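The lines below spell out each chain.
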Amino acid sequence: MALSGLDIFKLLPKTNCGDCGVPTCMAFALKLAQKKAELSECPHASEKAKATLGAASEPPIRLVKIGGPPSLEIGNETVMFRHEKTFFHPTGIAIQLLCSKEEKKLLKEIENVESYKAERVGEELNADLFFISQDSADRDSFLKTVNITKQNSTKGIILDCSDTENLKISLEVLKDDRPAIFLREKLTDEYVKLAKTSDSSLIITADSFEDLQSQSEYAKSSGLNNIILNMNSQNLGYQLQNSTILRRSALKKYFKPFGFPLFTFIQAEDSYDLLAKASLNLCKYSSIIVLPKYDKAMLYALFTLRQNIYTDPQKPIQVDPKVYQIGEPTPDSPVFVTTNFSLTYFMVSGEIENSGISAHLIIADAEGQSVLTAWAAGKFTGETIAKFIKEINLEQNVRTRKIVIPGLVAQISGDLEEKLPGWEVIVGCQEASDIPAFIKSVRIT
Amino acid sequence: MDFETPKENYSGKIIEVTIGATPEEGGTRSHTITIGGSTSPPFHFFEGKHPHPPRVAMEVFDKVPNKYPHSLMEYYRDVIEKPADMAKKCVEQYGAELISVRLEGTHPEKGNKSADEAAGIVRQILESVKVPVIITGHSHFEKINEVIKKVCEITAGENCLINYVETDNYKTIAASCIAYNHTIVAQSPIDVNLGKQLNILLTDMSFPAERIVMDPLTSTLGYGLEYTYSIMERIRNDGLAGDKMLAFPMLINPGYESAVVKEARASIEDNPDWGDQELRCAYWEIATAMSLLASGAELLIIYHPKAVEVVKNKISEIFNSKKGS
Chain A
1 MALSGLDIFK
11 LLPKTNCGDC
21 GVPTCMAFAL
31 KLAQKKAELS
41 ECPHASEKAK
51 ATLGAASEPP
61 IRLVKIGGPP
71 SLEIGNETVM
81 FRHEKTFFHP
91 TGIAIQLLCS
101 KEEKKLLKEI
111 ENVESYKAER
121 VGEELNADLF
131 FISQDSADRD
141 SFLKTVNITK
151 QNSTKGIILD
161 CSDTENLKIS
171 LEVLKDDRPA
181 IFLREKLTDE
191 YVKLAKTSDS
201 SLIITADSFE
211 DLQSQSEYAK
221 SSGLNNIILN
231 MNSQNLGYQL
241 QNSTILRRSA
251 LKKYFKPFGF
261 PLFTFIQAED
271 SYDLLAKASL
281 NLCKYSSIIV
291 LPKYDKAMLY
301 ALFTLRQNIY
311 TDPQKPIQVD
321 PKVYQIGEPT
331 PDSPVFVTTN
341 FSLTYFMVSG
351 EIENSGISAH
361 LIIADAEGQS
371 VLTAWAAGKF
381 TGETIAKFIK
391 EINLEQNVRT
401 RKIVIPGLVA
411 QISGDLEEKL
421 PGWEVIVGCQ
431 EASDIPAFIK
441 SVRIT
Chain B
1 MDFETPKENY
11 SGKIIEVTIG
21 ATPEEGGTRS
31 HTITIGGSTS
41 PPFHFFEGKH
51 PHPPRVAMEV
61 FDKVPNKYPH
71 SLMEYYRDVI
81 EKPADMAKKC
91 VEQYGAELIS
101 VRLEGTHPEK
111 GNKSADEAAG
121 IVRQILESVK
131 VPVIITGHSH
141 FEKINEVIKK
151 VCEITAGENC
161 LINYVETDNY
171 KTIAASCIAY
181 NHTIVAQSPI
191 DVNLGKQLNI
201 LLTDMSFPAE
211 RIVMDPLTST
221 LGYGLEYTYS
231 IMERIRNDGL
241 AGDKMLAFPM
251 LINPGYESAV
261 VKEARASIED
271 NPDWGDQELR
281 CAYWEIATAM
291 SLLASGAELL
301 IIYHPKAVEV
311 VKNKISEIFN
321 SKKGS
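Those protein sequence lines, which keep their order, are chains A and B. FYI, the working numbering numbers position 66 of the first sequence as 66, with every residue one higher than the one before it. FYI, the working numbering numbers position 4 of the second sequence as 4, with every residue one higher than the one before it.
Do not rely on the hints blindly, as some may be mistaken.
Claimed, not checked - Derived DSS-like pairs: lysine-lysine, alpha-carbon spacing no greater than 25 Å straight-line:
| no. | chain 1 | residue 1 | chain 2 | residue 2 |
| --- | --- | --- | --- | --- |
| 1 | A | 252 | B | 113 |
| 2 | B | 312 | A | 293 |
| 3 | A | 440 | B | 67 |
| 4 | B | 262 | A | 117 |
| 5 | A | 85 | B | 7 |
| 6 | B | 7 | A | 256 |
| 7 | B | 110 | A | 252 |
| 8 | A | 253 | A | 35 |
| 9 | A | 440 | B | 63 |
| 10 | A | 322 | B | 262 |
| 11 | B | 113 | A | 440 |
| 12 | A | 387 | A | 419 |
| 13 | B | 262 | A | 252 |
| 14 | A | 150 | A | 65 |
| 15 | B | 113 | A | 253 |
| 16 | B | 110 | A | 440 |
| 17 | B | 262 | A | 440 |
| 18 | A | 252 | B | 13 |
Rather than coming from a laboratory, the hints here were simulated on the basis of the structure. A quick note: this is a predicted structure, and the numbers were derived from the prediction, not measured.
Please work from the sequences and hints to get the whole structure.
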């Protein structure tokens with residue numbers, strides 16, 4: 001995280017000599033904080049200032065890439081809470097492949113995951129990685145699974161194998177694929193060498209913060225930069241607290257050994273348990289989650305959660321501006337219009353559905369803003385609505401000539417009637433929850 | 001540089017709220033339930049106290065909801081029209097820690113049951129189960145005020161959680177809660193300031209702060225969950241930073257809100273990408289509940305028995321980590 005102007009000011013000589021070209025040290029500090037100046041412009045900067053500012057200019061949590069192109073990018077996060085800014089790099093979802101399985105079954109699983117995609121508010125949702133585990137003494141099966149996966153998938157691969165000889169051969173197979181190696185045991189010279197020669201990321205595992213720090217420092221001093229941290233715990237409460245402590249150390253204390261993305265290996269009793277654990281870890285800082293099996297409903301729920309948590313709070317989720325059919329509308333069914341802010345759409349469409357009628361719901365392009373905000377910004381007016389209705393050729397597709405507008409923008413009704421000759425504008429209710437009652441009490445067709 | 005656990009100082013404390021009353025306290029519950037009391041963010045045992053775990057309630061109805069998911073009906077078919085029996089099943093078979101009675105059938109558009117009928121149902125529930133009870137209303141102000149007034153009166157001393165009041169309609173219900181010793185839910189539409197304002201309005205009319213639970217309004221998974229999630233984190237952070245008007249425990253509704261979305265009802269044939277319907281119906285509640293636990297929920301009303309089981313189980317697992325820290 002960047003230092004504030006005041007933090008930087010404390011590190012400067014505070015002489016206001018002006019040698020940097022700025023009249024005061026405070027003003028120079030502010031320019032540094034905004035990255036509009038460089039410390040080298042101050043000839044009197046101390047070594048401590050140079051070291052601290054140098055460290056602060058690196059991202060507090062390193063960006064690590066796996067697989068690709070296109071690679072899965074994780075890390076480089078800057079805040080503890082999404083409302084402070086946003087979370088940037090969504091959690092990677094990995095599917096575990098056990099190499100003891102028959103080749104046919106493995107192929108089927110890979111194919112399922114490869115072909116799985118779902119769409120939600122305009123975003124395509126896919127799994128990101130395969131996590132290949134050596135779960136049998138049979139050495140060849142691991143290598144075979146790696147080969148099958150490479151041949152049948154473009155997704156990144158994480159190797160979970162304690163046999164370094166086997167790992168070495170697998171890494172040769174994946175030499176241009178930027179894999180990651182999951183270590184169940186302490187980092188050794190051998191693993192360092194393997195990771196370095198194959199350009200792999202290393203997921204290091206430890207039972208304590210001290211151990212994790214020493215392994216991370218060891219990896220770093222050996223020249224490895226692509227590190228992912230795994231604190232070994234199967235208790236959900238510890239997982240949450242460990243992840244919080246690691247992320248906070250990196251972001252608030254600039255503690256370099258923990259400045260990497262986090263990995264949580266989840267073991268679950270059943271699929272409900274798995275989803276519960278994965279959900280909490282997804283919200284609280286896990287950058288990779290491994291699912292032991294392919295379950296479409298679970299993927300869909302997790303992808304939806306990931307989309308929600310990683311949405312930029314400054315940019316509302318928008319739905320596509322178009323006509324949405326509620327129920328099974330005919331050309332004579334009523335017509336409603338509102339904006340394309342996702343929450344507005346969800347509430348209005350849900351309440352029309354609750355009322356039990358079928359209808360055409362026109363979602364006009366208001367740049368994702370809610371009704372009043374869009375109206376105030378001039379994005380949801382008689383003119384913009386009329387223009388949109390003409391663009392989508394609504395008049396050819398419905399016989400109704402009545403349109404219900406949100407009660408909050410009653411003032412645009414005259415303007416809309418003027419711009420839409422032949423149409424009667426009906427002012428609806430102000431709250432979506434009143435829609436069923438409104439539909440019962442007002443003639444809208 | 002040696003590692004040192006980065007702890008933060010929180011000057012505030014979430015208010016402890018107790019629901020229910022035993023015979024000694026003037027009610028008929030076998031025990032009471034207390035939530036709140038935390039002095040650090042959710043489950044941060046390493047830097048604060050969390051005397052009470054979050055609790056899971058289940059819900060029964062005075063009228064079968066129109067959009068009740070098929071997957072849920074499988075569990076409740078025999079009792080769905082008998083709220084007292086359903087309450088018993090929820091507590092004894094599925095482990096509900098509280099029971100919410102949703103009185104939607106009193107809404108003039110949805111059955112228009114009388115206040116006396118509602119009171120009768122609540123009385124039956126209080127007889128059939130001994131856990132603390134939540135009374136859940138609706139948004140038709142005039143009618144719900146009449147209904148809640150009656151229900152508060154006949155349950156005097158039980159310390160029910162009366163769910164809910166909002167800024168445009170709080171005086172009548174709050175006055176009844178004060179008169180008959182009940183606890184209240186203050187609901188606000190996913191907004192920190194409006195939430196705070198309502199809490200101020202309530203305490204200004206001498207409503208005791210230790211009898212207020214906040215409802216930040218639940219948006220379920222995929223339907224604006226991120227708004228609820230972040231508003232709750234902001235409310236909790238402000239409360240822990242010392243803002244007493246935001247230091248209340250929070251109630252959320254993963255059950256009701258998940259049951260109405262299409263993900264709980266659409267078949268796999270209609271939406272092949274969405275996976276098994278039965279699993280999905282439970283998953284939707286689980287993901288909503290677990291993420292909102294992370295952002296500060298203390299009381300959750302959940303519908304799916306599998307979701308209740310796993311969420312309760314996870315809460316106790318998390319609280320097991322309290323010992324070592």
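So, going through the hints one by one against the coordinates:
1. A:252 <-> B:113: Between residue 252 of chain A and residue 113 of chain B the Cα gap is close to 56 Å, so the pair fails against 25 Å, i.e. violated.
2. B:312 <-> A:293: OK: residue 312 of chain B and residue 293 of chain A at ~24 Å, within 25 Å.
3. A:440 <-> B:67: Satisfied, since the Cα-Cα distance of roughly 18 Å is no more than 25 Å.
4. B:262 <-> A:117: 19 Å, holds
5. A:85 <-> B:7: 22 Å, holds
6. B:7 <-> A:256: 17 Å, holds
7. B:110 <-> A:252: Violated - the C-alpha atoms of residue 252 of chain A and residue 110 of chain B are around 53 Å apart, more than 25 Å.
8. A:253 <-> A:35: Holds: residue 253 of chain A and residue 35 of chain A sit about 20 Å apart, inside 25 Å.
9. A:440 <-> B:63: 20 Å, holds
10. A:322 <-> B:262: It holds: about 20 Å lies between the C-alpha atoms, which stays within 25 Å.
11. B:113 <-> A:440: 19 Å, holds
12. A:387 <-> A:419: Given that 25 Å is the threshold and the Cα spacing comes to 8 Å, the pair holds.
13. B:262 <-> A:252: Roughly 41 Å separates the two Cα atoms, so the pair is violated.
14. A:150 <-> A:65: Given that 25 Å is the threshold and the Cα spacing comes to 17 Å, the pair holds.
15. B:113 <-> A:253: With a Cα-Cα distance of about 60 Å, the restraint between residue 113 of chain B and residue 253 of chain A is violated, given a limit of 25 Å.
16. B:110 <-> A:440: Given that 25 Å is the threshold and the Cα spacing comes to 12 Å, the pair holds.
17. B:262 <-> A:440: 23 Å, holds
18. A:252 <-> B:13: 23 Å, holds
Violated hints, in rising order: 1, 7, 13, 15; the structure is consistent with all others.
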